[in-house]
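Produce the entire structure from the sequences given, and follow the hints as far as they go.
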Amino acid sequence: MKRLAKGAAGLCALLAIAAAPPKPGAAPPPPPYAGVYQPQGVDEIGFWREADEDERALANAPEVIRDEALNAYVRGVLCSTVGKDRCAATRIYLLRTPVFNASMTPNGTMRVFSGLLLRVRNEAELGAILGHEFGHFELRHSLAKFKARRTGSDLLSWAAVFASMSPGYQTRSNFNDLQWSVYGNLYRYDRNTEREADLLGLGYLNAGTLRPQAAASVWRNVMAEGEASSRARGLSKPRFDQLAFTASHPPSAERALTLAALADPGGEARDDGAARYAMALAPWLPMFLDDQIKLNDFGASDFLIAELAKNGWTAPLWLARGELYRARGNPRDLVIAAEFYTNATTADPELADAYRGLGLSLLKTRRPSEGRVALRRYLILKPDAKDAGMIAMLAPADPREP
Amino acid sequence: MSTRPIRTAALSLAAAALLAVPVAANGYREKGKVVTIAGSTLSVAPPRDWNLLSIRPGKKAETWTLDGERLNEITWYAGIAPDEPLIRETSRKHKPLPRLKQSTLIAEIPELLEATYRTERSVADFELTSAKPDPFLGQPGIRFTYAYVDNDHLPRRGEARAALIGGRLYLATFDAPRQYFFDRSLADFRALTDAATLS
Numbered sequence: 018m019k020r021l022a023k024g025a026a027g028l029c030a031l032l033a034i035a036a037a038p039p040k041p042g043a044a045p046p047p048p049p050y051a052g053v054y055q056p057q058g059v060d061e062i063g064f065w066r067e068a069d070e071d072e073r074a075l076a077n078a079p080e081v082i083r084d085e086a087l088n089a090y091v092r093g094v095l096c097s098t099v100g101k102d103r104c105a106a107t108r109i110y111l112l113r114t115p116v117f118n119a120s121m122t123p124n125g126t127m128r129v130f131s132g133l134l135l136r137v138r139n140e141a142e143l144g145a146i147l148g149h150e151f152g153h154f155e156l157r158h159s160l161a162k163f164k165a166r167r168t169g170s171d172l173l174s175w176a177a178v179f180a181s182m183s184p185g186y187q188t189r190s191n192f193n194d195l196q197w198s199v200y201g202n203l204y205r206y207d208r209n210t211e212r213e214a215d216l217l218g219l220g221y222l223n224a225g226t227l228r229p230q231a232a233a234s235v236w237r238n239v240m241a242e243g244e245a246s247s248r249a250r251g252l253s254k255p256r257f258d259q260l261a262f263t264a265s266h267p268p269s270a271e272r273a274l275t276l277a278a279l280a281d282p283g284g285e286a287r288d289d290g291a292a293r294y295a296m297a298l299a300p301w302l303p304m305f306l307d308d309q310i311k312l313n314d315f316g317a318s319d320f321l322i323a324e325l326a327k328n329g330w331t332a333p334l335w336l337a338r339g340e341l342y343r344a345r346g347n348p349r350d351l352v353i354a355a356e357f358y359t360n361a362t363t364a365d366p367e368l369a370d371a372y373r374g375l376g377l378s379l380l381k382t383r384r385p386s387e388g389r390v391a392l393r394r395y396l397i398l399k400p401d402a403k404d405a406g407m408i409a410m411l412a413p414a415d416p417r418e419p
Numbered sequence: 014m015s016t017r018p019i020r021t022a023a024l025s026l027a028a029a030a031l032l033a034v035p036v037a038a039n040g041y042r043e044k045g046k047v048v049t050i051a052g053s054t055l056s057v058a059p060p061r062d063w064n065l066l067s068i069r070p071g072k073k074a075e076t077w078t079l080d081g082e083r084l085n086e087i088t089w090y091a092g093i094a095p096d097e098p099l100i101r102e103t104s105r106k107h108k109p110l111p112r113l114k115q116s117t118l119i120a121e122i123p124e125l126l127e128a129t130y131r132t133e134r135s136v137a138d139f140e141l142t143s144a145k146p147d148p149f150l151g152q153p154g155i156r157f158t159y160a161y162v163d164n165d166h167l168p169r170r171g172e173a174r175a176a177l178i179g180g181r182l183y184l185a186t187f188d189a190p191r192q193y194f195f196d197r198s199l200a201d202f203r204a205l206t207d208a209a210t211l212s
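Chains as they are written, first to last, in our numbering: chain V, 18 to 419; chain U, 14 to 212.
Among these hints, one or two may not hold up.
As the list claims (entries may be wrong) - Residues of chain U placed beyond 12 Å of chain V at every Cβ, according to the derived structure:
no., residue
1, Lys44
2, Ser53
3, Thr54
4, Trp63
5, Leu79
6, Asp80
7, Ser143
8, Pro153
9, Arg203
10, Leu211
Stated by the list, open to error - Derived pair list, reagent style DSBU-like, types lysine-lysine, alpha-carbon separation capped at 30 Å:
no., chain 1, residue 1, chain 2, residue 2
11, U, Lys145, U, Lys106
12, V, Lys403, U, Lys114
13, V, Lys399, U, Lys145
14, V, Lys399, U, Lys114
15, V, Lys403, U, Lys145
16, V, Lys403, V, Lys327
17, U, Lys145, V, Lys254
18, V, Lys254, U, Lys106
19, V, Lys327, U, Lys108
20, U, Lys72, U, Lys106
21, U, Lys72, U, Lys44
22, U, Lys44, U, Lys108
23, U, Lys145, U, Lys72
24, V, Lys254, U, Lys108
What the hints assert, rightly or not - Short derived list, chain U residues pointing at chain V, Cβ under 7 Å:
no., residue
25, Lys114
26, Ser116
27, Ala120
28, Ala128
29, Arg131
30, Glu133
31, Ala137
32, Thr142
33, Ala144
34, Lys145
35, Pro146
36, Leu150
37, Ile155
38, Val162
39, Pro168
Hints are computed from structural coordinates only; laboratory data are not their basis.
This one's a predicted model, so the numbers in the text were calculated from it and none came from an experiment.
By construction, the Cβ of each residue, glycine as well, lies at the ideal position given by its N, Cα and C atoms.
And the structure:
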């Protein structure tokens, strides 16, 4: 009863703030942070215990990026978005996984995927996503989701047992119908909580030091990337429900508009930290890009490289673009790839991998002698390369060369 | 709303449960007996007993194992033709796999395998650890090794041998957990691939 009264008082406070926003239409500032919370009730205690167990496994997981500087930087962005008192309780884990995703569990574990770091362009956009996830955490949405999912998945798991034992096609299609209706319920439920998290997330941004308008541009970029990916695959429209993050965070023009409206117009002139972000990410960019282009998603990767190149083409970006085109491997792609690699070697004459790609592309476009020269240059620049033996096979030393 | 479709669905599920049939059994590859691989011209007389999994990763591929495919897995890719992926695609539209091309060089085969693993298993941490020329099936080929963290979060190592013969790709891979299992069965993989011949 006491908790209920406290909750009602909090709600009233929230409504009172909502009733008097700083600027018409903008999201209200977040309520004072309630501080350390302990799980209550059997569901929540069990859910926290599971989250603790997951975190124990996560702490030893090989895909966690443990670099101190990058971790400190991402934490700094979270802190400048949600405030020092809120971010102190959060443990951030950066995961080397090339998908656009971030999540937060009820015990305060935040997972940030490398695919997200590759896609956002400045601190404000990163802050918008992290703040949104923190909003889910603060409003304890995952508990409600867990309750809904538990009921739904009980039904699903029994149905799956029966369907897997059955030989007929009809049964399987019945099972699929059932599955879609249960999942449909889950996502519909999620979309309501999305709105609440968006409101709170924008509240943090409005009260912080970063530009709140960035929240809308993240979604616009996600949609543009999805469309680019579908176009390259010859599909009529993108399937956002098949991406990890967008399945439960549906992107839409309406959502981008709502977020733009919630942003405090007074924050428009604030810094978005693009230069700081680019500097912090620079050492990681080649690796994250490489993870992305090897996913065989030409449209999305080409879109991402073009986005990153808006601030100027660099040697790693030309190299990535060359690798992408060489991997697709149509004859026209190989000619273009050779051009991109050449641009990379012009920008950085010491970039060994660019000579490797250039050599392979030239060999495949019937320019073998130039190709072998490029491959030998690769071996000179990187004599201890892991594939040195194999590349040397394609480019035997030429006695006429100096 | 009528409850009839729901009742029909429930009844057919229950009926299906009663009619359940056991799944097809896995195969056995006996020591010294010559077998062809995936209906191709590639054949081998295994130097020791192996198990063949009934679930095949693709039309032209076969999986052999000693203790289960997560512990030691040999995959044969027998005669992959240009414009074919190495393994069956889960969704050709939404998750297409990289394909062998007419122009693919033997030095690009490790990249093809890497991109297939990354796309199909959604792994990010994949590293080529060595690649050198080495004959395979009596033809010029390569032998390469790699290390990756699989989607079950277990670090694995792999060794593979490949050759492009008449425009078709012949590839054999060995994947096992980095700890203990990889070293234990590596010699078996090498002996098995040495015994393979192309007729």
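Hint check:
Lys44 of chain U, annotated as away from the interface, keeps every beta carbon of chain V farther than 12 Å; the closest lies near 33 Å. The Cβ of Ser53 of chain U lies farther than 12 Å from every Cβ of chain V, with a closest approach of about 24 Å, so its non-interface assignment holds. Once the 12 Å rule is applied to beta carbons, Thr54 of chain U is consistent with being away from chain V; the minimum gap is 25 Å. Chain V leaves Trp63 of chain U outside its interface by the beta-carbon criterion, the shortest separation being 28 Å against a cut-off of 12 Å.
Consistency note on Leu79 of chain U: stated as away from chain V, and its beta-carbon is indeed over 12 Å from all of that chain's, at 25 Å minimum. For Asp80 of chain U, the condition that its CB be more than 12 Å from all CB atoms of chain V holds, with the nearest at approximately 23 Å. Its closest Cβ contact with chain V, about 6 Å, brings Ser143 of chain U to no more than 12 Å, contrary to its assignment away from the interface. With a least beta-carbon separation of about 8 Å from chain V, Pro153 of chain U fails to lie farther than 12 Å from that chain, contradicting its non-interface assignment.
At the 12 Å boundary, the C-beta of Arg203 of chain U stays outside the reach of chain V, the nearest C-beta of that chain being 17 Å off. With a least beta-carbon separation of about 21 Å from chain V, Leu211 of chain U lies farther than 12 Å from that chain, consistent with its non-interface assignment. Distance restraint check for Lys145 of chain U and Lys106 of chain U: the Cα-Cα separation of roughly 35 Å exceeds the 30 Å cut-off, and the hinted pair is therefore not satisfied. Taking the CA atoms of Lys403 of chain V and Lys114 of chain U, the gap is about 24 Å. The hint holds against a cut of 30 Å.
Distance check on the hinted pair: Lys399 of chain V and Lys145 of chain U sit about 15 Å apart at the alpha-carbon level, within 30 Å; holds. At roughly 28 Å between alpha-carbon atoms, Lys399 of chain V and Lys114 of chain U fall within 30 Å of each other, so this suggested pair holds. Taken as a hint, the Lys403 of chain V and Lys145 of chain U pair is honoured in the structure, with Cα atoms around 9 Å apart against an allowance of 30 Å. Restraint check for Lys403 of chain V and Lys327 of chain V: the C-alpha separation of about 33 Å exceeds 30 Å, so the hint is violated.
Only pairs whose Cα atoms come within 30 Å are accepted, and Lys145 of chain U paired with Lys254 of chain V is rejected, the gap being roughly 43 Å. For the suggested pair Lys254 of chain V and Lys106 of chain U, the alpha carbons sit about 12 Å apart, so the restraint of at most 30 Å is met. Taking the CA atoms of Lys327 of chain V and Lys108 of chain U, the gap is near 28 Å; set against the 30 Å cutoff, the hint holds. Among the hinted pairs, Lys72 of chain U with Lys106 of chain U is consistent with the structure: their alpha-carbon atoms are about 19 Å apart, no more than 30 Å.
Restraint check: the Cα-Cα separation between Lys72 of chain U and Lys44 of chain U comes to about 25 Å, which is no more than 30 Å; the hinted pair holds. As the CA atoms of Lys44 of chain U and Lys108 of chain U are separated by approximately 39 Å, the hinted pair breaks the 30 Å bound. Restraint check for Lys145 of chain U and Lys72 of chain U: satisfied, since their Cα atoms lie roughly 28 Å apart, inside the 30 Å limit. Of the supplied pair hints, the one linking Lys254 of chain V and Lys108 of chain U holds, its CA atoms being roughly 14 Å apart against a limit of 30 Å.
Because the closest C-beta pair between Lys114 of chain U and chain V is about 5 Å apart, less than 7 Å, the hint holds. Satisfaction of the interface hint for Ser116 of chain U is found here, the shortest Cβ-Cβ separation to chain V being roughly 5 Å, below the 7 Å cut-off. For Ala120 of chain U, the shortest C-beta to C-beta distance to chain V is roughly 5 Å, which falls under 7 Å, so the interface hint holds. Of the supplied interface hints, the one on Ala128 of chain U holds, with its beta-carbon coming within about 5 Å of a beta-carbon of chain V, less than 7 Å.
Of the supplied interface hints, the one on Arg131 of chain U holds, with its beta-carbon coming within about 5 Å of a beta-carbon of chain V, less than 7 Å. For Glu133 of chain U, the interface hint is violated, the least distance from its beta-carbon to any beta-carbon of chain V being 9 Å, above 7 Å. Residue-level restraint check for Ala137 of chain U holds (minimum Cβ-Cβ distance to chain V is 5 Å; threshold 7 Å). Using the Cβ-Cβ criterion of 7 Å, the hint placing Thr142 of chain U at the interface with chain V is satisfied: the shortest such distance is roughly 6 Å.
The closest approach between the C-beta of Ala144 of chain U and any C-beta of chain V is roughly 4 Å, which is under the 7 Å cut-off, so the hint is satisfied. For the restraint placing Lys145 of chain U at the interface with chain V, the shortest Cβ-Cβ distance is roughly 3 Å, inside the 7 Å limit, so the hint holds. Restraint check, Pro146 of chain U versus chain V: the minimum CB separation of about 4 Å is within 7 Å; hint holds. At about 17 Å, the closest approach between the beta carbon of Leu150 of chain U and any beta carbon in chain V exceeds 7 Å, and the interface hint on this residue is violated.
Annotation: interface hint on Ile155 of chain U holds; nearest CB of chain V at approximately 5 Å, less than 7 Å. With a least beta-carbon distance of about 5 Å to chain V, the hint placing Val162 of chain U at the interface is held under the 7 Å criterion. With a least beta-carbon distance of about 6 Å to chain V, the hint placing Pro168 of chain U at the interface is held under the 7 Å criterion.
Checked against the numbered hints above, the structure breaks hints 7, 8, 11, 16, 17, 22, 30 and 36 and satisfies the rest.
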